[in-house]
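Chain residues, written in single-letter form:
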Amino acid sequence: MSGLMRIFAAICSQHMHLSWRSGQTMLAVSFLFIAITLLPFGLGPELKLLRALAPGLLWVVLAISLLTGLERLFQADYEDGTLDRLLLVPLAFEAVVLAKLLGHYLALVLPLILAVPLAGLLLNIEAARLPVLLAAMLCGSPALVLLGGIGASLAVSVRRGGLLTVLIAMPFYVPVLIFGAAAGRAGLETGVAVGPYLGILAALSAASLLLAPFAIAAALRSALR
Amino acid sequence: MYDIYIYASYGVTAVLLGGLIIVSFRQLSKARRQVFALEAGELKKEDE
Amino acid sequence: MLKALENISAFYANPTRFMALARQVHRPLWALAIGVLAYGLYRVAYVPADYQQGDSVRIMFVHVPAAWMSLFGYSFIFIASVTALIFRHPLGHVAARAAAPVGAVFTLLALITGSLWGQPMWGTWWVWDARLTSVLVLFFIYLGYIALWQAIDEPTRAARAASILAIVGFINVPIVKFSVDWWNTLHQPASVSRLARPALHADFLYPLLIMGAGFLVLFLALTLTRMQMEVLRQRLRARAPKGEPPHV
Amino acid sequence: MAETQNLFSNLQHSRDAVCRADGLACARGAITVFEGVSFSLAAGQALCLRGANGSGKSSLLRQLAGLLPAAAGTLTHPDPAYGTHYLGHADGLKAALTIAETLAFDAALAGYRADNDAYADIAARLGLAGCDWQFVGDLSAGQKRRLTLARLIMDPRPLWLLDEPMTALDAAGRALVTDLAEAHLENGGMIIAASHETLDFADEEVLLEPRR
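So the protein sequences, as listed, match chains A, B, C and D. Quick note on numbering: the working numbering labels position 64 of the first sequence as 52, and the sequence is numbered without any gaps. So the mapping is simple: the working numbering equals the position in the second sequence, first residue as 1, plus 17. So the mapping is simple: the working numbering equals the position in the third sequence, first residue as 1, plus 250. So the mapping is simple: the working numbering equals the position in the fourth sequence, first residue as 1, plus 260.
Derived from the structure by calculation, the hints contain no laboratory data. Check each hint, because a few of them may be wrong.
[Said to hold, decoys possible] Each pair of labels, with its calculated beta carbon distance range:
1. A:Pro78 x D:Asp460: 30 to 40 Å
2. C:Thr406 x B:Lys47: 18 to 28 Å
3. C:Ile336 x A:Pro78: 44 to 54 Å
4. B:Phe42 x C:Asp453: 29 to 39 Å
5. C:Ala288 x D:Glu469: 51 to 61 Å
6. D:Glu469 x A:Ile52: 31 to 41 Å
7. C:Trp378 x A:Leu102: 48 to 58 Å
8. D:Asp339 x B:Leu55: 21 to 31 Å
Think of the CB as a built atom: it goes at the ideal place given N, C-alpha and C, for glycine as much as any other residue.
Required output: the full structure, derived from the provided sequences and hints.
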C-alpha cells in the first residue's frame, strides 16, 4: 500500500472507528426503527395501507435518519483541529473529503440500509419488493451522503448547526427521493421496468460524486480560514 | 363569487411587499444614522 | 463592448463609487417601479372576466409575475455569487445577500396566491401540482440560503459559504424541476396544470406583462435599497472599535 | 521493516530551505489584524513571535501553514502538504481513542505502516504510560500536549509552526519540547513559535505591534 493510500485508509477507518465507538451507528439505526414504529401510530395499524405505503415510507425514514447523522460528519473534526491537520497531508483535500464521506457511508449509511429489510417487515412489505428497494437504496444513497455532505460542510462553523444542515440539504434530497420511491413502487407492478429508475439514481450519485467533493472541500477550506 | 380570493390575493401581496419595503427602508435609514454618528465621532476625535 | 462593460464594472467595484451611483439611481428607480405597478393595476382592473375561470383569473396577475420573480431572484443571486467568487467583484456578495429576502418574499407570494387561486379552482388550498411543488422547494432553498448568511458570524466566511451554496443550489434547481414534473405526471397523468395556459388572449397577456415588468423593477429597486444598507453595515463593522461590533 | 526504523531516524533537512515573509498583512473581514510583517529564516534557525493577545500571532502561523491566505505581501515557505507541522490551539486529538490508536493514526498520516512496538517506544519517550489502554480523553492537558509532540517525532518535516508550545507543560515537558526543538534545528530544520514565554531554542524574535 502506498503512502497516499495509507493516509486515505487511515482517515476513512478512523471516521468509522469513532462512529462505532461513540455510538453514532447504533443511534442512527435506533432512530430508523423509532421512526418506523411511530408510523403505524399515526397512520393506523391497517396492514394493507402500511404495505402500500411501505417503500415510500422507508425511503423517507432512511433520508431523515441520514440527515440527523450529518451534523457530526465534519463538525467534530472542525472543532478539535483535526481538519487543520488533514489540510496539511500530501493527499489532495478533495480526496481527504472523500475518505471521510466513505467512512461515514460505511459506518452509518450501510448499516441503515441493512436495517431496512427488518424495518420493512414491520410495515408488512412484500418480500418480493425488497431486492428492488435495496438496489435502489444502494444506487441512491451515495448521492444522499455526498449532497448531505455539502450541507454539513457549509454549516460546519455553526454551533448546533444540525437544523441548518437539514434545511440546506433537504432541497437536494428531493430528486433522489422521487426516483428512489418510484423504483420501490415499480418493483411490484409487473411490467414496469426498474432499470431506468436505478439508472437515474446511479446517475444522480455519479453527478454528486463529481460535484460534491469540490464543493465540500471549498466550503471546509473557507470555514478553516 | 371569487371576490374574497381576489381581494385576499392582492391584500397579501400588498402586506408582504409593503412589509418588506418598510423594513428595508427602516434598516437603510438606521444604518445611515449609525454610519453618520460613527463618522461624526471620528471627526470629533481628530479635532481634540 | 465587453471591455467597456468590464471597465464600468471595475469602476463601480469601489463601494464608495457604488454608493454615489446608487444615491442617484435610487429615487428614479422607485418612481419607475411605482409608476409601472400603478399602470399595471389599472389595466388589471379593466381586464374582462375569463369565460372559464371568471374573475378569479385576476389572481394570475400577481401569481404568475411573483413566480417569475422567484426564479429571476435565484438566478440573480447565482450570477452575483459567481461574480463575487470567481471574478472577485466585492459587490457580488452584497448584491446576492440583498436580493435573497426579496426573492424569498416573491416566492412566498407565489405560493400564497397560488393557494388562493387553487381554492376556487380545485376546491382545495393546496395541490401537489408540479409548479406549486417546485416553487415550494425553491422557497426552502431560499430559506437555507438566508439561514446560512445569518448563522455564520464572520461576514467574509458567511459570504464564501453562501456563494458556494448559491452555485450548487442553482445547479439543483432544474434537477428538482425536472424530477418534480416527472413525478407529477406519474401520479396524475391526465391532469394538465391549470396555471399553465397554452395561449393567453391579448386582453390578458399585456396586463400580465406590464405587471411582470412592474414586479421586476420593484425587485431591482428593493435590491438596490438593501444593497445600500448592506454596504453601510459593512462600513460600520470595519470602522467600529475592536471588541464591540456595532449592534445592527 | 525499513520503514519503521525511520520513526527514530534523524533526518537531515535540506540546508537550502528558507521561510521568508515580506510585508505580510492579515485581514479578518474588513479589519486589518497586522500589516508590514517581514522576516527571514534559514535552515537551523528558530523564530519566536511575540505580541499582545489579538495581535495576530496565531493568524500569522495559520498563514505560514497555508490555512489562511495573506491579505498582502509575499510568503516563501515549504509546501505545507509535505514540509510543515502546525501545532495549534486545537490539538486534533480524539477523546475516544487510546494513545496507541492516536499514534497509529499519526503514523499513517506520516505514511508508515502500523507498528505497535514503535508506538510504545514513542509514548515512553514522551513520558506517557499505558499506551495500549489509556484513553486520550482521560489524559491531563499537559499529557495531551505531550502526545501531540509525537507528530513532530514521527514525520520529519522541515518547518515547525508551534502555537504556545509550552502551555500546560511541566518542567520535564518543557525540557522535552526544548530537546526536540534543538535536535530539529541541528538537523537543519526551522521553527516558528508564538509564545509569551522565553523560548531557549529561539534565536530571533518578531514583535507584532497592535495596530491602531
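Verification of the supplied hints:
1. A:Pro78 x D:Asp460: 30 to 40 Å: holds, 32 Å
2. C:Thr406 x B:Lys47: 18 to 28 Å: With Cβ atoms ~23 Å apart, the hint holds.
3. C:Ile336 x A:Pro78: 44 to 54 Å: violated, 28 Å
4. B:Phe42 x C:Asp453: 29 to 39 Å: holds, 36 Å
5. C:Ala288 x D:Glu469: 51 to 61 Å: holds, 60 Å
6. D:Glu469 x A:Ile52: 31 to 41 Å: Hint violated: Cβ distance 53 Å, outside 31 to 41 Å.
7. C:Trp378 x A:Leu102: 48 to 58 Å: violated, 32 Å
8. D:Asp339 x B:Leu55: 21 to 31 Å: With a Cβ separation near 44 Å, aspartate 339 (chain D) and leucine 55 (chain B) fall outside 21 to 31 Å, so the hint is violated.
Of the numbered hints listed earlier, those contradicted by the structure are 3, 6, 7, 8.
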